[in-house]
Structures are given as structure tokens and as C-alpha cells.
Amino acid sequence: MAAVTPEQLHGHHAPSGLMRWLTTTNHKDIGTMYMVFSFIMFLSGGVMALTIRAELFQPGLQVVQPEFFNQLTTMHGLVMVFGAIMPAFVGFANWMIPLMIGASDMAFARMNNWSFWLLPPAAILLIGSFFVPGGATAAGWTLYAPLSVQMGMGMDLAIFAIHIMGISSIMGAINIVVTVLNMRAPGMTMMKMPLFCWTWLITAYLLIAVMPVLAGAVTMVLTDRHFGTSFFNAAGGGDPVMYQHIFWFFGHPEVYIMILPAFGIVSQIIPTFARKPLFGYASMVYATASIAILSFAVWAHHMFATGMPAAGQLFFMYATMLIAVPTGVKVFNWVATMWRGALSFETPMLWAVGFIFVFTMGGFTGLICAIAPIDIQVQDTYYVVAHFHYVLVAGSLFALFAGAYYWLPKWTGHMPSEALGKLHFWCSMIFFNITFFPMHFLGLAGMPRRIPDYALQFADFNAMASVGAFGFGLSQLIFLVAVVKCIRGGERAAARSWESAEGLEWTVPSPAPHHTFEEAPVIR
Amino acid sequence: MGRAGRIAGLFLASFVPLAHAEQPHARYNLQQPVTGIAEQINDMHTLMLVICLFIFVGVFGVMFWAVFNHRKAKGAVAAHFHENTAVEIAWTVIPVLILLGMAWPATKTVIAMKDTSNPDITVKATGYQWKWGYDYLQGEGEGIRFLSALSTPREQIEGSAPKGDAYLLEVDNPLVVPVGKKIRVLLTANDVIHSWWVPAFGVKQDAIPGFIRDTWFRAEKEGIYRGNCAELCGRDHGFMPVVVHVLSAEKYAAWVAEQKAKATAASPSVTAPGQG
Numbered sequence: 001m002a003a004v005t006p007e008q009l010h011g012h013h014a015p016s017g018l019m020r021w022l023t024t025t026n027h028k029d030i031g032t033m034y035m036v037f038s039f040i041m042f043l044s045g046g047v048m049a050l051t052i053r054a055e056l057f058q059p060g061l062q063v064v065q066p067e068f069f070n071q072l073t074t075m076h077g078l079v080m081v082f083g084a085i086m087p088a089f090v091g092f093a094n095w096m097i098p099l100m101i102g103a104s105d106m107a108f109a110r111m112n113n114w115s116f117w118l119l120p121p122a123a124i125l126l127i128g129s130f131f132v133p134g135g136a137t138a139a140g141w142t143l144y145a146p147l148s149v150q151m152g153m154g155m156d157l158a159i160f161a162i163h164i165m166g167i168s169s170i171m172g173a174i175n176i177v178v179t180v181l182n183m184r185a186p187g188m189t190m191m192k193m194p195l196f197c198w199t200w201l202i203t204a205y206l207l208i209a210v211m212p213v214l215a216g217a218v219t220m221v222l223t224d225r226h227f228g229t230s231f232f233n234a235a236g237g238g239d240p241v242m243y244q245h246i247f248w249f250f251g252h253p254e255v256y257i258m259i260l261p262a263f264g265i266v267s268q269i270i271p272t273f274a275r276k277p278l279f280g281y282a283s284m285v286y287a288t289a290s291i292a293i294l295s296f297a298v299w300a301h302h303m304f305a306t307g308m309p310a311a312g313q314l315f316f317m318y319a320t321m322l323i324a325v326p327t328g329v330k331v332f333n334w335v336a337t338m339w340r341g342a343l344s345f346e347t348p349m350l351w352a353v354g355f356i357f358v359f360t361m362g363g364f365t366g367l368i369c370a371i372a373p374i375d376i377q378v379q380d381t382y383y384v385v386a387h388f389h390y391v392l393v394a395g396s397l398f399a400l401f402a403g404a405y406y407w408l409p410k411w412t413g414h415m416p417s418e419a420l421g422k423l424h425f426w427c428s429m430i431f432f433n434i435t436f437f438p439m440h441f442l443g444l445a446g447m448p449r450r451i452p453d454y455a456l457q458f459a460d461f462n463a464m465a466s467v468g469a470f471g472f473g474l475s476q477l478i479f480l481v482a483v484v485k486c487i488r489g490g491e492r493a494a495a496r497s498w499e500s501a502e503g504l505e506w507t508v509p510s511p512a513p514h515h516t517f518e519e520a521p522v523i524r
Numbered sequence: 001m002g003r004a005g006r007i008a009g010l011f012l013a014s015f016v017p018l019a020h021a022e023q024p025h026a027r028y029n030l031q032q033p034v035t036g037i038a039e040q041i042n043d044m045h046t047l048m049l050v051i052c053l054f055i056f057v058g059v060f061g062v063m064f065w066a067v068f069n070h071r072k073a074k075g076a077v078a079a080h081f082h083e084n085t086a087v088e089i090a091w092t093v094i095p096v097l098i099l100l101g102m103a104w105p106a107t108k109t110v111i112a113m114k115d116t117s118n119p120d121i122t123v124k125a126t127g128y129q130w131k132w133g134y135d136y137l138q139g140e141g142e143g144i145r146f147l148s149a150l151s152t153p154r155e156q157i158e159g160s161a162p163k164g165d166a167y168l169l170e171v172d173n174p175l176v177v178p179v180g181k182k183i184r185v186l187l188t189a190n191d192v193i194h195s196w197w198v199p200a201f202g203v204k205q206d207a208i209p210g211f212i213r214d215t216w217f218r219a220e221k222e223g224i225y226r227g228n229c230a231e232l233c234g235r236d237h238g239f240m241p242v243v244v245h246v247l248s249a250e251k252y253a254a255w256v257a258e259q260k261a262k263a264t265a266a267s268p269s270v271t272a273p274g275q276g
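So the protein sequences, as listed, match chains P and D. Under this note's numbering, residues 1 to 524 are what the first sequence spells out, in order. Under this note's numbering, residues 1 to 276 are what the second sequence spells out, in order.
Hint data in this document are derived by calculation from the structure and do not stem from the laboratory. Heads up, some of the hints might be wrong.
[Claimed, not checked] Below are the BS3-like pairs computed for lysine-lysine, each with C-alpha atoms no more than 30 Å apart in a straight line:
(1) K192(P) <-> K72(D)
(2) K221(D) <-> K114(D)
(3) K72(D) <-> K485(P)
(4) K221(D) <-> K262(D)
(5) K72(D) <-> K422(P)
(6) K422(P) <-> K74(D)
[Claimed, not checked] Here are a few chain D residues that face chain P, going by a calculated C-beta distance under 8 Å:
(7) R27
(8) E39
(9) Q40
(10) H45
(11) V50
(12) F54
(13) H70
(14) H82
(15) V110
(16) K114
(17) G202
(18) K204
(19) I208
(20) H237
This one's a predicted model, so the numbers in the text were calculated from it and none came from an experiment. Beta carbons: idealized from backbone N, C-alpha and C, even for Gly.
Pulled out of the complex, with its shape left as it was, chain P reads as follows (with noise of 0.2 Å):
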């Protein structure tokens, strides 16, 4: 490919239609496809949700049968984790760090590209398994060997799916690395930058560190499947809890990854609402790593069940239990900033406290399952169920929403509709509670996860469960049609869109333009 030209650059003569997309390397436009394509999966993994929750509906077997059923399981957890949550953020992450850092671009321009266009072949690999035959993997998202190694050629079209965006990812992280130590305007020191541009400094770090490892843990499912390898196979010398440990040495600051950057995005909104700066702007930054780096030393906190000996299930369970003292400074910071202030409730504002609120609870619960004892009553069962969905629902994806109102007229150049963005917000904040807080009891009272039918006293909750999940799964749409509304017009976005808020993407105009700060402003 030929060097890239300065006409080029300068957009007057880059290819327009489809292979504007296809050869972009824009932030800003490969931002915009890795949201789209988020959006898309979610809804796909969405739709998975509200088949799993047809079926639970009532006692007995109506919808779907229990081999398909763990099927929808797992890939509902695969799309959701690798599909919806970790691209949004990088949509995120492409759009907003080169804007708030003063930088013209993302350091490594074409490599973003790439990794944004490994995802949809990644996807139709993930996808077209459900249409090979035997089915797409049953073994749950974390893909637990033996199990695994069980099932039929889907579990192979998964671990090539989860191999290129595990190097989508790789790629994506070190991009954001050299992007924030490299491209900061001058004057933009470190600890002046946006929390969100730390937040997520934080977390490429934690990808780098562990999606290689998820690879090497599927990579020895593959060779245990098809070569002959018995990494873990007992009769072969080797020890399935092994991958348990390997893989949740990926899967912890994994949960982290996804939840990192949604600290950051709130931590950008709740002071524009508040009038106020961020309260404890440094604890804010050694909390958020202090989290990620006690993130490689809890994973084995998912096997409690396992049979560890008490010295391994004790520090497990002090390191857990320590995680609550960083996540609380965070609680503890907002409700400061908050505190005094001159606050107003746009809708952005709506989802961040709201995401506060529900958040906090799942910090609750996953307090209480830290607990090794109690543990051992819940791991397993819809407790942990309700525990990561108020984490990963009201935590990283309410985090997503009030990112998406906040800067959508950054991103268009009109407001979004406060009445539609204020429907969604309290349509989904009242479902996901119909939904997932009866979860809570259904867990406790003993009913497990991943079952396609239970016993009858466990009936009402799950009934209001499946009503909860299709209102919000259909208040989804209300986004859908505020984003759509908000593209095609609306009134116009001024360059600092929302009343009081600070920071370099404020001062470039609505929509920003294509090519932004190319020349670097200089940061007082």
C-alpha cells in the first residue's frame, strides 16, 4: 500500500462509501464501529437473554430443550463479555482519549483499524456456531475443561473467535498505552489528565497482562480436544481444575477491565452535574490501581467449591475482601463531589448516579460473596447471578448509556432527547431491578445456576424475572430510537454542550469535526 498522501489525510479525497469504513483510520470513525458493532451484539446477546428467560418463565420444559438452553447460556455470557461490553469501551476509548488528551489521532492509526475489523469476522465465527452441527459450545462462558473438551466443533469456532478478539484486544490496549504516555498535549501531565484516559490506561495495562492468557487456556482445550494433549485430563497426568486457575487468572481482572472504565466515564459526569470538581481527584487514580493490581491476587475466589486447602481459600478470601476498601474510596468520592454542589438531572447525570446506586449494591453482594463460607451456600447459584448483573448491567453498562447521552452531542452535533433518554433511564433502572433483585432470593434459597427448569417453589420469582427481563429488554429499543433521533437532528450541540463541563473535547466544536488538535493545544 502506498504511503499515506496529505490529501488523504485531509479527508477531501478519502474513499466515501463502504470502503470509507472498510480503510478508515480515524478515531473517530473506528470509534463509531465499534459501537455500532457493540450495539448490534448486545441486542444479538439480548436476544439469547429473553429466550433463556421464555424458558425459565415457568417450571417445566416449553421453549427451548436443555442442550440448547446452555447453549443460549454460554453464548449470552460469550456475545455480552467480548461482543457488548469490552468493544463499547474501546469505542470510548477511540473517540474520547485522543480528544481529552489533546492528540490528533491514536498513536498507531492503521493498527486500530485492524483491530476493529478483526471483531465482525470474530463474530460470525462466535454466531455461526450455533449453526454447525451438535450446536455452539454448552460449557458455559468460562468454558470449564472437561466439559469442553466434550463438546462438538462450536467449541472450536469459539476458540478462534475468542483467539482474534483477544488480539483485537491486545492491539486495541497497546494502542490506547502509547496513545495516553505518548500524545498528551503539552502541558497535559499525567496526573492533570482525565480520570476516564486513567481509568482506561489502567485497564489496557490489565488486558495486555491477561488476554494472552485466556489464549494459552483455550489454546490447551484445542490441543486437548484434537492433539492428544492431556493439560486437563487426570488420566492422562494432567488436572482440570488447572484451567480453572488459569483461566480465572484472566477472568478476574477481566471483570475489572469491564468495570475500570465505567469508574471513568462517571467520574467525568458526575462533576459537570455537580458544578464541582472531582472530589479526591488522586485517591481516585491510586484506588483504580490499587484495584487492578489486587485483581491478580483473588481469582481463585471463583473456586471456593473447588476444595482448596484453608490456607489457599483464607488468603483468597482476605485478598477479595480487601478490593472493598479501593471500590468504596470510589463510592465514597462521588457521593463528595456530589455533596455541595449545584446539582441538575440531565439525563446523563440520571445514569451515573443511578449507576452509583445499583452498582453499589452489586459492590454489596460481591462483599458478601467474598465471604469463603458463604460462598460455598451461593457459588453456583442465582445469587452469583444477580451479583455480576448489578455489576456488569448497572455497573459497566449504565456506565456505557451515560457516557452515550453525555457526549452523543460531542458526537453529532445535537442533544439527545431528554425525554426519551429519561424514558430509558427509568424503564431500565425499574426492569433490571424487576429482574435481576429476585434473583437474589432464588440464589440463597438454593436454586442453581445455568438449569433449564427447577423446582416449584422457586416459580414466582423466576415469573417476575422473565417479566422484568422483556420490559428491559424492550426499553432497550427506546436508545435505539433516541440515538437514531439525536443523529438525524435535534437542536444543535454547542462546542461545551453541557452547562459546566470541563476538559479539551469541550473545546472543539459539535459535531468534532473529522481531523481535531492538529495542532496541540497547550494545557495552562
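Fit chain D to the known structure of chain P by using the hints.
This is chain D only, laid out in the frame that chain P set:
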């Protein structure tokens, strides 16, 4: 006794504990504990819930106070403070102290759960896709072995017959143990990982193919206790319950004698050579 009397009698009977006392179904909270460990877990959970509730009310009391009172629409003017070292140290140190308070009872329970020494009876439970196998290895009943599979009829699952009370939580051959005795359970599996879980005992232990893990319980009350496989193990993961009958010492002895007699009848060539 008239019809009204019979109905009243039935109504009363449903509350009177029968010989095989059935646990009332838990709906909102952990199941009624019948072992010391499960009791400790329940108490710890209640304590944690109360502590979390206090923190919840404290933190969100402050937040919602701000939400309702520090509104721009109410004429609030933003203050400009953005750090306070004393406060920040306080809300780091105090949570650490609360956590220490939580860790103390939890540590004691973890150590107690791990003490599988000196059992009265040892049973090996083997997970199969999709049933459990039980082997009585040591103690009263040694040598008894059987498989335990779901006994809920297919028609109930498919909806062509009304569902029974113990729908999906009933098996053909339950594990039978005596009350008040320390039962050590060795766990392994034949194919994939399963998990042996009886909520009322506070016991959940993965059964791992190729490895032996152990756990224990001492049931303090006679009755029928029901649980499930708690690790995704393939198609019929949702259909391999765990059922334990806890009997008095005498009834247990009778059950053992009955099992031995059955085994003798089934294989006369072993116990009575020359007669078969």
C-alpha cells in the same frame, strides 16, 4: 367425623412433622440449617447483611440528601472543595476495621469446614453424567453401594402430568445417613466436574474427575434434605438432584440390614457358596 373434620385433619396434618420430616421450602433466605456449619454460615450471612444495610443507609442517605437538597433548581451554589486528607484517610481505615470484624468469624468457619478428621461414616460420592453414585466405605453400612438418579417422571417435566411437591428434587435411591454422626463425603467424578450440594448442611464440594476431594457434615435433625448438582455438567445438569435422608440410629441400622439382605439376595453365589 364429617367431611369438614376430615378437611381440618388434612389441613393440620400438613403442619405436623411426619416421620420423614420435610423441610419447609426456603423462599427469601438461606434454607433452615441442620448442621453446625450451616448454622454458622446463616448467622454470618445475617450479620453481613445487617452491616451492609447500615453502610447502605449511611452512604445513600448522604447521597440522596444531596440529590434532593443540593439542587441547582433549588438555588444551590456549588462549593469548591475537592479534597480532605483526614476524611479520605478515615474512609479508608474504617472499612479495613469493619472487614477485619467480618474476617474473624469467617476464618473460624473455614477452618472448621476443612476439618474432616475422625468421621463416624465415610461415603464416596461419584458424579456421573447425570446421576450420583454412593459407596459406603467405612463405618456402619460399609460395603453398601448404589446409584441415585432423578425420579421425577418425564411427563411432569414436559407438562403432560401435574408436577409433584418435590419436582426435580427427588431421586430413586437417596443417600441415607444416621442423625448426629459425622459423615465424611469423598468426592470424585467419572466424566466432567460435578458439584455435590446440600444447602441445609452448608456443604458444596466439586467432584473432580481423577481427583478425590472431601467434605463433611453432621446432621442434627432427622428429615429429608434436598439439593442439586451445582456445576454445569452438560445436558442434564439441571436434572441430577442430591437427596439425603437423615434417620435415627435405630432406623439407620434397620436400613443397613435391609440393604445387606438385598445385596445377599441379589448375589447368592458370593455370600452362600455352593447353594447357588
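Results for each hint:
1. K192(P) <-> K72(D): 27 Å, holds
2. K221(D) <-> K114(D): 22 Å, holds
3. K72(D) <-> K485(P): At roughly 28 Å apart (the allowed maximum being 30 Å), K485(P) and K72(D) satisfy the hint.
4. K221(D) <-> K262(D): 27 Å, holds
5. K72(D) <-> K422(P): Status holds; Cα separation ~18 Å.
6. K422(P) <-> K74(D): 20 Å, holds
7. R27: 5 Å, holds
8. E39: 11 Å, violated
9. Q40: Because about 7 Å separates Q40(D) from the closest Cβ in chain P, which is inside the 8 Å limit, the hint holds.
10. H45: 5 Å, holds
11. V50: 11 Å, violated
12. F54: Status violated, d = 11 Å.
13. H70: 5 Å, holds
14. H82: 4 Å, holds
15. V110: With Cβ-Cβ at 5 Å, under 8 Å, it holds.
16. K114: 4 Å, holds
17. G202: 6 Å, holds
18. K204: 5 Å, holds
19. I208: For I208(D), the interface hint holds, since the closest Cβ of chain P sits about 6 Å away, which is under 8 Å.
20. H237: 6 Å, holds
Consistency note: the structure conflicts with the earlier hints numbered 8, 11 and 12.
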